[in-house]
Amino acid sequence: SQTIHQWPATLVQPVGSPLSLECTVEGTSNPNLYWYRQAAGRGLQLLFYSVGIGQISSEVPQNLSASRPQDRQFILSSKKLLLSDSGFYLCAWSVASVREQYFGPGTRLTVT
Amino acid sequence: GEDVEQSLFLSVREGDSSVINCTYTDSSSTYLYWYKQEPGAGLQLLTYIFSNMDMKQDQRLTVLLNKKDKHLSLRIADTQTGDSAIYFCAETSLSSNTGKLIFGQGTTLQVKP
Numbered sequence: 005s006q007t008i009h010q011w012p013a014t015l016v017q018p019v020g021s022p023l024s025l026e027c028t029v030e031g032t033s034n035p036n037l038y039w040y041r042q043a044a045g046r047g048l049q050l051l052f053y054s055v056g057i058g059q060i061s062s063e064v065p066q067n068l069s070a071s072r073p074q075d076r077q078f079i080l081s082s083k084k085l086l087l088s089d090s091g092f093y094l095c096a097w098s099v100a101s102v103r104e105q106y107f108g109p110g111t112r113l114t115v116t
Numbered sequence: 025g026e027d028v029e030q031s032l033f034l035s036v037r038e039g040d041s042s043v044i045n046c047t048y049t050d051s052s053s054t055y056l057y058w059y060k061q062e063p064g065a066g067l068q069l070l071t072y073i074f075s076n077m078d079m080k081q082d083q084r085l086t087v088l089l090n091k092k093d094k095h096l097s098l099r100i101a102d103t104q105t106g107d108s109a110i111y112f113c114a115e116t117s118l119s120s121n122t123g124k125l126i127f128g129q130g131t132t133l134q135v136k137p
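Taken in sequence, the protein lines are chains B and D. Take the first sequence: its letters are residues 5 to 116, numbered as in our numbering. Take the second sequence: its letters are residues 25 to 137, numbered as in our numbering.
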């Protein structure tokens, strides 16, 4: 069966520090991968998606970036965090031909 | 652009039925989803419906789709305290080759004992 992991689970970082969040998927090949942000426990905003290694599409302009160095690994990064980057970051995967998306447990990021 | 709207809060008594409503604007929506989020956790896919269906039932959950009015609802029968969570409606279109989902803001369901 497929599983999706995210780490760390929680993170407190000062403004201006770098960020690296990792997401890995097991049990499937060539998944579509997604990064979402959820602010203040409300709606989800799609940040990035990837349909293959090295293929990243950005949905919103921001100081975040994403990379996909391996088929089942998706990384969200920032060189310098802003206060507004605080939120709950969720990674999700789907099979390209199937429309269900499955979410990871999330990373709670607090920028102080 | 695409938009999905939900009411923000619903309170019911344990044992009653809950009905959570959602409206969407994308006329090319083909798949519509309901996700559940418990506090501090990720989203759990509850059920989904294809746009050529009017209804889908899965145990205590019933999804109704009115494609003409672009209205989706989730009915939870015999609501339990464990059903307390935020419920998200989402949609996607076959025209989106990335499977991108558009989410509503979520409805917080409070179940009173």
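In short, the hints are calculated from the structure, not lab data. Since this is a predicted model, take the numbers as computed values, not measurements. Backbone N, C-alpha and C fix where the C-beta goes; we use that ideal spot for every residue, glycine too. There's no promise every hint is true.
Partial list, computed: chain B residues near chain D (C-beta under 8 Å) [unchecked claim]: (1) L50; (2) L51; (3) S98; (4) G108; (5) G110; (6) T114.
Which residues of chain B face chain D? A few of them, derived with a C-beta cut under 7 Å, are [what the hints assert, rightly or not]: (7) A44; (8) G47; (9) D89; (10) S90; (11) L94; (12) F107.
Do the hints match the structure? See the list:
1. For L50 (chain B), the interface hint holds, since its Cβ comes within 8 Å of a Cβ in chain D; the closest pair sits about 6 Å apart.
2. Of the supplied interface hints, the one on L51 (chain B) is violated, with its beta-carbon coming no nearer than about 11 Å to a beta-carbon of chain D, more than 8 Å.
3. Interface restraint check: S98 (chain B) against chain D, minimum CB-CB distance 5 Å, threshold 8 Å, status holds.
4. A least Cβ separation of about 5 Å between G108 (chain B) and chain D falls short of the 8 Å threshold, and the interface hint therefore holds.
5. Interface restraint check: G110 (chain B) against chain D, minimum CB-CB distance 5 Å, threshold 8 Å, status holds.
6. Nearest Cβ of chain D to the Cβ of T114 (chain B): about 13 Å, over the 8 Å cut. The hint is violated.
7. Look at A44 (chain B): its Cβ only gets to about 11 Å from chain D, farther than 7 Å, so that hint breaks.
8. Here the hint on G47 (chain B) is kept, as its CB sits about 4 Å from the closest CB of chain D, short of 7 Å.
9. With a least beta-carbon distance of about 19 Å to chain D, the hint placing D89 (chain B) at the interface is violated under the 7 Å criterion.
10. About 15 Å separates the beta-carbon of S90 (chain B) from the nearest beta-carbon of chain D, more than 7 Å, and the hint is not met.
11. With a cut of 7 Å, the hint placing L94 (chain B) at the interface with chain D holds, because the nearest CB-to-CB distance is about 6 Å.
12. Because the beta carbon of F107 (chain B) sits about 4 Å from the nearest beta carbon in chain D, less than 7 Å, this interface hint is met.
Checked against the numbered hints given earlier, the structure breaks hints 2, 6, 7, 9 and 10 and satisfies all the rest.
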